[in-house]
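Student: Spelled out from the first residue to the last, the chains are:
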Amino acid sequence: MKAPAFAYAKPASLAEALALAARPGAKVLAGGQSLIPSLNMRLSAPELLVDITGIPELAGVSLKNGALRVGALTTHAEIEASPDIRTHVPLLAQAAPYIAHPAIRNRGTLGGSLALADPAAEYPACAVALDSVFVLRGSTGERRVKALDFFKGLFETDLKAGEILVAAEFPAAKKGDRSVFLELARRQGDYATVGLAGFNDRVVFFAVGSAPVLFSLDEARKHLKERLKPVPDLYNSSATKLHLAGVLLERAWNTLSTSH
Amino acid sequence: MGKAELPLHAPATQTDKGYIGTSVPRPNVRRLLQGRGSFVDDLRFPRLAQVVFFRSPHAHARIKRLSFERAKQSPGVIGVFDGRAVAEYCTPWVAVLGHLKGIKSPPQHAIAIERACWQGEAVAAVVAETRAQAEDAAALVEAEWEELPAVVDMEESLGGKRVIHPDLGDNICFKREHDTGGVDEAFAKADVVVEETYHFGRHTGVCLEGRAILADYNPAEHSLTVYHATQAPHMMQDIFSRHLGIPEGSVRVIARDVGGSYGIKVHVYPDEMATCALSIMLRRPVKFVADRLESFLSDIHAREHRVKIKMAVKNTGEILAFDLDDLTAIGPYSVYPRTSGIEGNQVVNLTGGPYRHQKYRAKMHVVFTNKNVTCQYRAVGHPIAVALTEGIVDKAAAALKMDPAEFRRKNLIPDDAYPYTFPSGIKFEKLSHHQTLNKLLELMNYRKLREEQIQQRKKGKHLGIGLAAMIEVTNPSPAFYGVGGARISAQDGATLRLEPTGMVTVLCGVTEQGQGTEAVFAQIAASAVGVSLEKVRVITGDTGVTPYGGGTWASRGAGIGGEAVLLAGRALQSNILDVASKVLNLDKKSLNIADNAVVDILTQEKKIPLEELGRIAHFRPDTLPVDFQAELTVTRHYTPRQYGFTFTNGIQASLVEVDPDTGFVKLLKHWCVEDAGTVINPMLVDEQIRGGVVQGIGAALYEECLYGPDGQLLNGNMADYLVPMSAEMPDIVCAHVETPTKQSQLGAKGVGEAGTAGAPGAIMNAINDALMPLNAGVTAMPFTPERILKALGKV
Amino acid sequence: MEHAVDIALTVNGTAVRQRVEPREHLIDFLRERLGLTGSHIGCEHGVCGACTVRVDGKIVRGCLMLAVQANGSRIETVEGLSDSGELKELQKRFHEKNALQCGFCTPGMLLCAQALLGRKEKPTREEIRSHISGNYCRCTGYQAIVDAIEEAVNGQG
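Residue numbers (this note's numbering), protein chains in the order written: chain L, 1 to 260; chain S, 1001 to 1795; chain A, 2001 to 2157.
So that you can see chain L by itself, here it is in the shape it has in the complex (with noise of 0.2 Å):
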């Protein structure tokens, strides 16, 4: 299948991609891991593909004040490999590696994940568990949304129309944290069937709905049933995502429990 045709810039600096992303019919463009195969696919038609993997500010991982800021260009191997993000955030360092193969790791992007919001992906999960922060620009400046906030639904966000998520912050591991990562999927690298990204107090589900779902550990242990209301796949009706959810809890129980 061969996408259909349309324009294609490449902006040097963040100004002039703000610019043009706020063209109609104008399509952000980093990895292109999940882009591009949906216009193979013919399931979008974009009429410009605005390449941003050429701006500066948008790449780099800092430690500041307690967070670390992760550049939205961030690729899933660089996450993977990178020292700092496993001393400082190793939930993304555990989740990295269930995302597709590594060829697709050399290319998808943080930045990318965050801003598509798929509801099987792992690092919106990520996120929320971390309760992180991102860092958006538009032509009206810079906006800070916390992550929960920032996924409203199926593939919706809060990103404004011309908008470009440029970074993302995390706090920082203290003494005492504790974070798990699990996931079930049928094969190696699949989207997940259902997920649970855990860190202290907080526990976050994915593949369950349009968007990852947060619970306190307590809440989780006794209102699963009630709160979570999965919407089922191909493959798996609601009952079953929520029985492997319970079993997805069980599992990380020990973990993340300390006094429970």
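Calculated from the structure, these hints are not laboratory results.
Even glycine gets a Cβ: it sits at the ideal position worked out from N, Cα and C.
Be a bit skeptical, because a hint or two may be false.
[As the list claims (entries may be wrong)] In silico contact screen, one side only, chain S against chain A (beta carbon under 8 Å); selected entries: (1) L1208; (2) M1725; (3) A1727; (4) I1732.
[Said to hold, decoys possible] Under the rule of at most 20 Å between Cα atoms (straight-line distance), these lysine-lysine pairs were calculated in the PhoX-like manner: (5) S:K1794 / L:K229; (6) S:K1794 / L:K225; (7) S:K1101 / S:K1072; (8) L:K225 / S:K1790; (9) S:K1582 / S:K1607.
Assemble the complex: chain L is given as a structure, and chains S and A must be docked to it using the hints.
Tutor: Relative to chain L, chains S and A alone:
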């Protein structure tokens, strides 16, 4: 087993067998290792156009109106054509055969004319300079439809309330009943009757290379050359000739490198016929390569069955009878030319296959639905027959509290009982069920595994061990298709030619899709003539060059093509020695050929190198006696005649761990002991088995074409349709028993499909063995985590 | 050509300048414009791995990258890496173990596997299976491929 023990260029050994039985690496893969192969999509032609098909989005709809005006204006478009336009160049076909009594199917056109009968059926063709331009234009085709009710469920189809083809009266493509008589009496005599209903999910081949065809019509000659990813070039030559109106001798079909086939590429596809018609119409080469999305919609599907099976058993474990009711759903047409009735027919022929009982009753219906067409796919019918049989056998063993291996031992046909006529009418020449069973149990250390299973259960780990004994159809005679009127060759021919420099060229009608045809033929030819392997070149897959043959299907390559190569090789050897005896003035009987030279048969003394003999025969025949003519090109043919099919036997075992919390199945290990007669290249045979087993694993755990109630394919892409990938696959241990067939000098039976035939049954039995202490069992493939959780009562 | 873009890159060590459409993915560029047909198309949605090539030293799925994105990059395909001899060891093992049958997945599989060679920590058999878990092979069932890579990684013979 299966290690390359000899260096690549091993000279022919001094033994009679030569290279037969050695694991030689394939000479023809060098180009594939460098990406320098020659697949259809790699070929470049002047004025090559590409065709894309506008396909029905509806499972069943009348085509009210097609408008091509906007599409025709799109850049790069050469033409846009409907079914009527293409029908002027390509006649329709009906896929029925005389020996499937009562089989019926409506005529099918290259491009549908009045009505689309499945989602994905082509209703228009867009030809452009590039694929991208053709797709752009296809998006501009306007269509008006009158949607018709879609028949999707097989029971509903059988019920016939809505008939897809009113002219046919009902939705039954083919039905068959078989009754040996005495079945009810056998069931009355039984101590235990076990019964079960099994479901098999529709699935498909997913060849990594999409279907591909490049048709090159020469208007000056009214000739057509087709570069086709096909298993059966001569069959296609005949079909192109008849349906496109071109004399047979003016049609040439060439199959070069083919990226996987497994039966998918042995059938006639309407869009491929249309591609040829378009080349003729437009008087230029036209190429079609099915992309992945259209592959899922239009490559043949297979194996959608609902089967009820009953078995009568005595307390001793003796099987008395089988009773079978099979319902299978195909698409809206029987597929040409082999028909879509064969798979169900095989289920009737083969159920109960390894066992001694003589009473059997079967009822089978093949019904049309508005889903994609189905036809023969690797192991055709066997995976179902084996799973049914082995599943119900395990059930009986459990009911009698008998070890499943011992239950089988009690019932397997004895190794000295041959020839043997089976209750479905098929005849076995000689099988080795007990030998293979014993070898398997020893290979897997069955006793120890059972003990470990008990220990692990105490720790809460649920291991399962599953066995599946099987028979497998190979080396078919004309009984498979020819007797029904199909122009499908069951014979094959090989031409062997000694070149002036002493090299040997082999031309054979059997084709290569990666199984190792070329290597195996080179081994046989080198052994028969007496040359070293690197002196042999094999050419297959070209109707303009090779003898007329059947190509590859039903695991016939080594057994039938190989025999032709052997016979031709021996004849060439004899003719070479005729020349040698004249050149050397020695008695032919005192000579032999070894190591690329004519030698003294007793002392092995080199008398004359073949390159010297070749020079003389070709360039200096004036030095030979005036009444002598060297004949250094020899052709021989072979047809299996004594048995309708040459059956093989084997047995597989699967070791799994089932996680009762998640329903996930971990494949720990797999074994296969196979008797395929003479093994020419053990490594290639093992690799065929392994690949086949993994395909069977796909059927058991992952693969299903999911259709919605409106006949829409829901998972027609690689992310949603799950194929086996490396991380989840077990290591597979292979071993062999060799019972050569006496129908040929080579003694080789076939083996290409064996792995696929037995694996699903073995895995099902292993899962059910693991679930048994939890009072759960599964019967519907694929065994997804949800199905296992449901069986356990957890969801 | 609408929206055409000029790109300059290196392919298998040779400088290339071409005018491309933005919508062309890297594999179509290599196959159709440069005639390098060794890299194959299996799905065009990034799942099968048949299109694996190397860009600036890293393996990528060529169908998930636009040719325009390869501007200024260094591309290596199976043909180039065969001619340079870099794939020689793996190719030898693949040949001996019959780790290919139809050969369609092979270029992608070799490019993927090559990324494992030369690592300081030798991957285990399980890690090998994991590394190639995104490369679809329908013919072999994977075992021979894993065997071949294992031998190449361990330098055995």
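Student: Does each hint fit the structure? Answer for all of them.
Tutor: Here is what the structure says about each hint:
no.	hint	in the structure
1	L1208	holds (4 Å)
2	M1725	holds (5 Å)
3	A1727	holds (4 Å)
4	I1732	holds (6 Å)
5	S:K1794 / L:K229	holds (17 Å)
6	S:K1794 / L:K225	holds (14 Å)
7	S:K1101 / S:K1072	violated (46 Å)
8	L:K225 / S:K1790	holds (18 Å)
9	S:K1582 / S:K1607	holds (12 Å)
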